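Colleague: Protein chains in written order, with my numbering: chain A, 1 to 312; chain B, 1 to 316.
One or more hints might be untrue.
[Said to hold, decoys possible] For each label pair, taking beta carbons as the anchor points, the in silico distance ranges come out as: (1) P239/B - L192/A: 46 to 52 angstroms; (2) G117/A - L128/B: 38 to 44 angstroms; (3) L192/A - L171/B: 45 to 51 angstroms; (4) I66/A - L160/B: 36 to 42 angstroms; (5) W17/B - L192/A: 24 to 30 angstroms; (6) S83/A - V135/B: 30 to 36 angstroms; (7) K252/A - L22/B: 38 to 44 angstroms; (8) E198/A - P223/B: 53 to 59 angstroms; (9) S203/B - A208/A: 19 to 25 angstroms; (10) S203/B - L79/A: 24 to 30 angstroms.
[Stated by the list, open to error] Simulated crosslink set (DMTMM-like; lysine to aspartate or glutamate; CA at most 25 angstroms straight-line): (11) K45/A - D295/A; (12) K124/B - D299/A; (13) K7/B - D138/A; (14) K216/A - D138/A; (15) K93/B - D76/B; (16) K265/B - D130/B; (17) K265/B - D264/A; (18) K44/A - D299/A; (19) K54/B - D76/B; (20) K45/A - D130/B; (21) K45/A - D299/A; (22) K252/A - E75/A; (23) K38/A - D295/A; (24) K216/A - E198/A; (25) K54/B - D44/B; (26) K124/B - D295/A; (27) K44/A - D130/B; (28) K124/B - D146/A; (29) K230/B - D212/B; (30) K7/B - D146/A.
For the record, the hints were derived by calculation from the structure and aren't laboratory data. Note that the coordinates shown come from a computational prediction; the quantities given were computed from them, not determined experimentally. Just so it is clear, CB atoms sit at the ideal spot from N, CA and C, and this is done for glycine as well.
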Amino acid sequence: MKNRQPRASAAVQYPAQAVPRSREEAGLPRRRSPRWVKVLRRDKKALFGLLVLLGMTASAIFAPWIAPYDPRAQEFEMLLPPSAAHPLGTDDLGRDLLSRILYGARISLFVGVVTVGLAMIVGVFLGLLAGYYGGWLDSLIMRYIDLQWAFPNFIIAVYLVAIFGTGLENVIVAVSLAFLDDFARIARAMVLSLREEEYVLSARSLGASDLRIMGKHILPNALAPVIVQATVSVSYAILAEAGLSFLGLGVKPTTPTWGLILSDARTFISRAWWLGVFPGLAIMLTVLSINFLGDALRDLFDVREYREETKR
Amino acid sequence: MTRYILKRVVHALLVMWAVATLVFFMLRAVPGDPLRAMLFDVGDPQAAEELRRKLGLDQPIYVQYALWLGRVLQGDLGNSIYGSRVSVSRILKEAIPRTLSLAGLAFLIALLLAVPAGILSAVKRGSLWDHTFTVLAFLGLSMPDFWLAILLILVFAVHLQWLPAIGYVPLSKGFWPWLSHLILPAIAVGTAFSAILARMIRSAMLEVLRLDYIQVAWAKGLPERRVIFKHALRNALIPVITVMGIAFALLMAGAVIVENVFAIKGLGRVLIQGILNRDYPVVQGAILVVSAIFVFTNLLVDVLYTLINPRIRYEE
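Please work from the sequences and hints to get the whole structure.
Modeller: Structure below.
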């Protein structure tokens with residue numbers, strides 16, 4: 001502390017051998033932890049969500065290494081209750097339930113993230129176009145978006161599967177399309193509020209192209225609400241995929257996904273409660289964690305809610 | 001006022017027309033469309049040709065569309081191509097009361113849970129009650145309804161054996177048989193909705209409780225019950241009603257899945273079975289009816305809202 005210097009001249013007057021060892025020594029204010037760290041420290045729910053999600057993601061990525069058995073191997077006794085060898089028991093075909101749930105995380109998380117990613121890209125693009133150009137393009141796009149808005153996302157997804165047919169690819173397309181209306185609405189609302197901002201007007205008067213204005217000046221400022229929406233949407237998309245798989249509209253019957261495992265379990269729950277309990281627990285934990293994180297993100301970005309939380 | 005309602009009715013009809021048209025054309029535009037799959041399933045080319053003509057598929061698409069729309073308007077939705085070829089409108093006519101009683105009962109249960117929970121959380125903000133309800137609401141929102149359905153069957157049908165696990169009995173066969181079959185599915189459907197509702201009532205109540213007139217009511221020394229129920233709750237419910245439409249839509253969406261768990265042959269089960277059997281007249285009909293229920297509940301809520309809230313302006 002003895003060689004503490006007045007702040008203003010600190011940087012120039014240090015002799016080479018007396019390099020300060022900490023920021024305090026250099027007379028600089030202590031580095032503040034980033035805001036998200038503070039949010040996590042204060043918001044235990046968000047911390048819980050983050051940890052669970054990290055765990056789920058890790059189990060999805062590393063499933064081949066951490067799963068105790070092959071999820072498709074029918075080599076054990078059927079309907080074994082949870083035990084040391086099979087922590088979550090086995091199913092009606094003698095497959096290890098824990099391994100199936102770990103592998104199931106792959107499809108569920110993948111579909112949730114990919115569908116929302118697609119929905120976000122297409123939806124934001126449509127919303128930008130509608131809001132920026134207005135006129136007939138706006139009417140055309142928004143008429144469709146409003147039509148879709150009249151129905152819950154899950155119902156739209158079921159309708160689209162009815163039209164496109166069942167299967168994983170079709171489910172991905174259906175869920176992506178079903179969720180794009182939320183993003184289009186947010187993007188359009190943001191464009192409308194930003195379009196007349198002075199910095200946008202000045203960019204335009206400098207001769208910036210429409211593409212540049214939209215991409216460089218409007219989109220970055222519209223990002224926060226889009227990200228918050230995306231988080232919420234991922235949880236609903238995971239629920240939607242699980243629901244579709246549960247109804248038999250999703251992946252092929254051999255693929256382990258949470259919805260499908262639950263669907264298979266229905267016949268056997270009178271004899272094997274674990275089949276009915278654990279896959280659903282995995283879905284709920286994931287969705288709950290995303291919802292917790294979504295709430296924290298909303299606080300972090302200070303985003304007011306653009307939609308009622310009742311739609312999914 | 002009348003003009004506003006008229007405008008909303010016209011809008012609802014337009015939405016229905018758009019849904020019908022989109023479904024009609026999309027079902028025919030998608031590669032490997034169900035129609036062609038259906039013809040393929042027939043196998044014999046001559047029989048397929050005959051079926052084509054019978055279904056009017058040899059005519060230009062706009063003629064098909066006009067004929068189809070005309071028939072739909074007369075309530076003729078064609079026949080199921082599966083099994084005994086029952087008429088689609090008959091299937092739907094049997095399904096609608098099942099789905100509506102399920103959704104209705106779920107709505108009632110949700111209301112019974114959510115209103116007290118919401119009020120209590122708001123009035124005793126930050127208390128143990130509030131925290132408990134907050135956690136429960138988060139759980140309710142994150143729990144897939146079909147999983148809750150399975151858990152309920154597991155506990156109340158398999159273990160306790162208090163209630164039947166599957167099936168549906170119409171109300172005409174007695175109140176208890178009807179209720180006993182419907183109560184588990186209704187809880188499964190209503191839980192997520194009641195979680196949302198409780199949160200909304202809580203925030204609406206908090207908003208209102210801050211207002212001056214409530215402070216005045218307290219200051220006048222009115223009893224707590226009177227302030228909360230007569231002064232605060234009535235105004236807090238106004239914003240809640242606006243989302244009732246969306247919330248009821250959520251109930252319907254839940255019913256679509258949960259009916260399949262409990263083997264209730266309602267609209268949801270008809271729709272899903274239709275998709276799985278590639279029974280496209282049934283799918284088309286079920287989509288139209290489900291959509292109509294959504295559109296007209298939304299309409300009803302809008303009208304209700306204008307009636308309840310005197311502050312709203314009808315003309316723009």
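Colleague: Could you run down the list of hints and mark each one as holding or not?
Modeller: Each hint tested on the structure:
no. : hint                                : result
1   : P239/B - L192/A: 46 to 52 angstroms : 24 angstroms, violated
2   : G117/A - L128/B: 38 to 44 angstroms : 41 angstroms, holds
3   : L192/A - L171/B: 45 to 51 angstroms : 50 angstroms, holds
4   : I66/A - L160/B: 36 to 42 angstroms  : 37 angstroms, holds
5   : W17/B - L192/A: 24 to 30 angstroms  : 28 angstroms, holds
6   : S83/A - V135/B: 30 to 36 angstroms  : 31 angstroms, holds
7   : K252/A - L22/B: 38 to 44 angstroms  : 28 angstroms, violated
8   : E198/A - P223/B: 53 to 59 angstroms : 55 angstroms, holds
9   : S203/B - A208/A: 19 to 25 angstroms : 42 angstroms, violated
10  : S203/B - L79/A: 24 to 30 angstroms  : 46 angstroms, violated
11  : K45/A - D295/A                      : 9 angstroms, holds
12  : K124/B - D299/A                     : 23 angstroms, holds
13  : K7/B - D138/A                       : 21 angstroms, holds
14  : K216/A - D138/A                     : 21 angstroms, holds
15  : K93/B - D76/B                       : 12 angstroms, holds
16  : K265/B - D130/B                     : 39 angstroms, violated
17  : K265/B - D264/A                     : 20 angstroms, holds
18  : K44/A - D299/A                      : 14 angstroms, holds
19  : K54/B - D76/B                       : 15 angstroms, holds
20  : K45/A - D130/B                      : 16 angstroms, holds
21  : K45/A - D299/A                      : 13 angstroms, holds
22  : K252/A - E75/A                      : 21 angstroms, holds
23  : K38/A - D295/A                      : 14 angstroms, holds
24  : K216/A - E198/A                     : 14 angstroms, holds
25  : K54/B - D44/B                       : 15 angstroms, holds
26  : K124/B - D295/A                     : 22 angstroms, holds
27  : K44/A - D130/B                      : 17 angstroms, holds
28  : K124/B - D146/A                     : 39 angstroms, violated
29  : K230/B - D212/B                     : 15 angstroms, holds
30  : K7/B - D146/A                       : 16 angstroms, holds
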